[in-house]
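Asker: Please put together the full structure from these sequences, using the hints given.
2 protein chains.
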Amino acid sequence: MILTVTLNTALDVTYRVPRLLPHASHRVTAVTERPGGKGLNVARVLAALGHKVTATGFAGGPVGSVVRNLLAASPGVVDALLPCEGASRRTLAVVDETTGDTTQFNEPGPLITPAEWARFLAHYEELVAGVRAVALCGSLPPGVPVGAYAVLVRAARAAGVPVLLDTSGEALRRGVAARPEIIKPNSAELAELTGSRDPLPASRDARRRGAHAVVTSLGPAGLLAATAQGTWQAAPPRPLSGNPTGAGDSVVAGLLSALAEGLDWPDRLTRAAALSAATVLSPVAGEFDPGAYEELRRTVRVTNGS
Amino acid sequence: MILTVTLNTALDVTYRVPRLLPHASHRVTAVTERPGGKGLNVARVLAALGHKVTATGFAGGPVGSVVRNLLAASPGVVDALLPCEGASRRTLAVVDETTGDTTQFNEPGPLITPAEWARFLAHYEELVAGVRAVALCGSLPPGVPVGAYAVLVRAARAAGVPVLLDTSGEALRRGVAARPEIIKPNSAELAELTGSRDPLPASRDARRRGAHAVVTSLGPAGLLAATAQGTWQAAPPRPLSGNPTGAGDSVVAGLLSALAEGLDWPDRLTRAAALSAATVLSPVAGEFDPGAYEELRRTVRVTNGS
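In order, the protein sequences belong to chains A and B.
When the letters of the first sequence are read in order and numbered with the numbering used here, they come out as residues 1 to 306.
When the letters of the second sequence are read in order and numbered with the numbering used here, they come out as residues 1 to 306.
Read the hints as simulated data drawn from the structure, not as lab findings.
A hint or two may mislead.
[Stated by the list, open to error] Facing chain A, from chain B, some residues (calculated, C-beta under 8 Å):
id	residue
1	P18
2	L20
3	H23
4	H26
5	R27
6	V66
7	V94
8	T98
9	T102
10	Q104
11	N106
12	E107
13	P108
14	W117
[As the list claims (entries may be wrong)] Sample of chain B residues with no beta-carbon within 10 Å of chain A, all distances over it, derived:
id	residue
15	L21
16	L71
17	A158
18	A191
19	A235
Idealized CB from N, CA, C, for every residue including glycine.
Answerer: Here it is as C-alpha cells:
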C-alpha cells in the first residue's frame, strides 16, 4: 500500500471554448470534471500501475462531495479523505479550441481550522504506520501551517516510511529541512528553493538543505536526479509534443512505485521518465497512454552524470 | 403569488483575478456563488419587493443541489424546482480587478429527457392555476423542445394568467406567436426577432407577431414600451454608471409586480426603470439598492410616444 496526501484537493474542471476573447461572453462547448490536486492524480497513476493506494487529505462542501464521488469511480484508490467545514476548491482550465492554448484559474481552497489540522495529523499517523511509501503533494489550503509538510515528513520518517515531497515555495523550503527521501521540483521550483538556475549545483544545494535525493523535471529534456548513489539524467529517445498536464504527477507515481518495489535509481528514473512522456502523449490530459509507456520503458535513455 | 420559470437554472460563480491574461495561470482571489438563471434572479427581486413568489424549472446534479440550498437561504422564494437526471450548469464571470471588465463563460446545461419535460408540463399546469402572473425566463436547456415557451404561454393563457416572456432567438420567435402579455427583449434581441434595428418599428413588428406589449431595454437610455394602450419611454433622470448585471431581470420583476398589482403602464414602467437603474447602482451584481430605488421611483421620467 502507498499513501498519497492531497491537503488541497480540487475538482479539476475543463471548459472548451471556440476562441477565448477577454471581456467577451463565451458559450462553453464541452465541460469535463475530474478529481484533482496532485496527490489524487498520483494516486490514480499508481492504481493504473497495479499498486494499492490510499488517498488522504481534506475534502469539504459540495465540491468535496463531487471529488469523492468521482474518486469512488476510479478503480483501485481507497478514499481516506477527511471531511472539513470549508468547501474544497475548483480549478478551471479554459481551452481555446482555435489556438489549443489553456488559461488556468485556481481557487484558493477551504480554510482549515486548527482542530481540523489536529484531526488530520492523528489520522495521517494511523495511515502512515501501515504503508510502504508516502507522497506529499501540492499546495497547502489556507489555515494549514506553512511548516505542515515538515511535520508530515517527520512523522513518516519516525514510522520508517520513505517520503516523496512535491510542493513549492515556503512549504517546500520547510519540508526539505525535515529530510524527505525524495523531492521532485521542476526547474523553476528548484531555482526558487536554492537561488540557482543551474539544475546540477542547485540539486546539490537542495540535498545539503535536507533532501536525500532531488529529482528535477526539466520539461522535454527529461529528469535530472541527484542522489547519494550518484547523479543521472533520464530522457525520452526523441522530443515529444503533447499536453504536459499531469506529467509531473506521473513522475511522482513512477518514482514512488519503483521505490516501493525496491528498484534502483536507474530503473526508478526509467519508469518515471517513460510514464511522464506517455502522459504528454496521451490524448486525455493527466492520463498516460499504456502502449506508449511500454514502448518508452524500453527506449528511455538514462545517462550517468558527474 | 407570482410564478417564475427558469428551465436552465444555474449556479452563477464569480471569480476575481488581479489581471486576466489569456494563456496564463491565475490565482483566484475571491469566489462568490449565487443561484442564477434569469427566472431565479427575477424571483429574488420580486421577493425583495414584498411579493410571494414560487420558482420552478429544473435543477439537477451537485450544482442543482447547491442552487437549491442557496435558494432556501433567499427569503420569500418558494422552491418548486423539479429534479432532473442531468447536472445543472454553472456560469462563470471572471472579473479583472485592474480594468473592472468581466469575461463570461456559460455552460450549456443538462440534457432534459422527453419524460422529464412531460413531467414539468404537468407540474407547471398545476402551479400556474393558482398564480396572478408568470415570468418565463432565459435559455432552454438541451433536450427541451424549441417551441417550449409557446406551450407554456398557451397553458398560462388557458388558465387566464398573464405571461411575461424574456428569452431570445428561436425560443422567443416561437414563444411570441403564442401571444404572451409582455415580452422584454433588449435592442439586439428585438432586432434579431424582427430584422429591424430601429426599436419603434421593430416593437410594432413584434406586436404584430403576437406580443400584446413589447418592453425593450435600451441600456442607459431606459425602456421603450409599445402596448395596446400606447407607447412610452421611461428613463432615469441622468445617465448612470455601474454594473448592468441583472438590470434586465429587475425590469422583468418591476413589470410583473406592477402588472400583478393592477397598475397602469406608466406606473409599471416607472417601477421597472427605477428598479433597473437601482440594480446598476448596487455594489452587489444583480441586487438593487433600496435607497436608490426609492429615490429613482420619484425621478424616473416617463414620456408618451407616438
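Asker: None of the hints should be skipped; say for each whether it holds.
Answerer: Hints, one by one, checked against the model:
The beta carbon of P18 of chain B comes no nearer than 12 Å to any beta carbon in chain A, farther than 8 Å, and the hint placing it at the interface is violated. Here the hint on L20 of chain B is kept, as its CB sits about 5 Å from the closest CB of chain A, short of 8 Å. Below 8 Å, beta-carbon pairs count as interface contacts, and H23 of chain B has one with chain A at about 4 Å; its hint therefore holds. Interface hint status for H26 of chain B: upheld, as the beta-carbon distance to the closest one in chain A is roughly 5 Å, under 8 Å.
With a least beta-carbon distance of about 6 Å to chain A, the hint placing R27 of chain B at the interface is held under the 8 Å criterion. The closest approach between the C-beta of V66 of chain B and any C-beta of chain A is roughly 5 Å, which is under the 8 Å cut-off, so the hint is satisfied. The interface hint given for V94 of chain B is met, as the beta carbon of that residue sits about 7 Å from the closest beta carbon of chain A, less than 8 Å. A cut of 8 Å between beta carbons decides the hint on T98 of chain B: the least distance to chain A is about 11 Å, and the hint is violated.
About 7 Å separates the beta-carbon of T102 of chain B from the nearest beta-carbon of chain A, less than 8 Å, and the hint is met. The beta carbon of Q104 of chain B comes within 4 Å of a beta carbon in chain A, closer than 8 Å, and the hint placing it at the interface holds. Given hint, N106 of chain B at the interface with chain A, holds; its Cβ is 6 Å from that chain's nearest Cβ, closer than 8 Å. Interface hint at E107 of chain B: satisfied, since its Cβ lies 5 Å from the closest Cβ of chain A, which is below the 8 Å cut-off.
Using the Cβ-Cβ criterion of 8 Å, the hint placing P108 of chain B at the interface with chain A is satisfied: the shortest such distance is roughly 7 Å. The interface hint given for W117 of chain B is violated, since its Cβ lies 22 Å from the closest Cβ of chain A, which is over the 8 Å cut-off. Distance to chain A contradicts L21 of chain B as a non-interface residue, since its nearest Cβ pair spans about 8 Å, not more than 10 Å. The Cβ of L71 of chain B sits about 14 Å from the closest Cβ of chain A, beyond the 10 Å cut-off, so the non-interface label holds.
No beta-carbon of chain A is positioned within 10 Å of the beta-carbon of A158 of chain B; the least distance is around 34 Å. At the 10 Å boundary, the C-beta of A191 of chain B stays outside the reach of chain A, the nearest C-beta of that chain being 17 Å off. Non-interface status of A235 of chain B relative to chain A is upheld: no Cβ of that chain comes within 10 Å, the nearest being about 26 Å off.
Checked against the numbered hints above, the structure violates hints 1, 8, 14 and 15; every other hint is satisfied.
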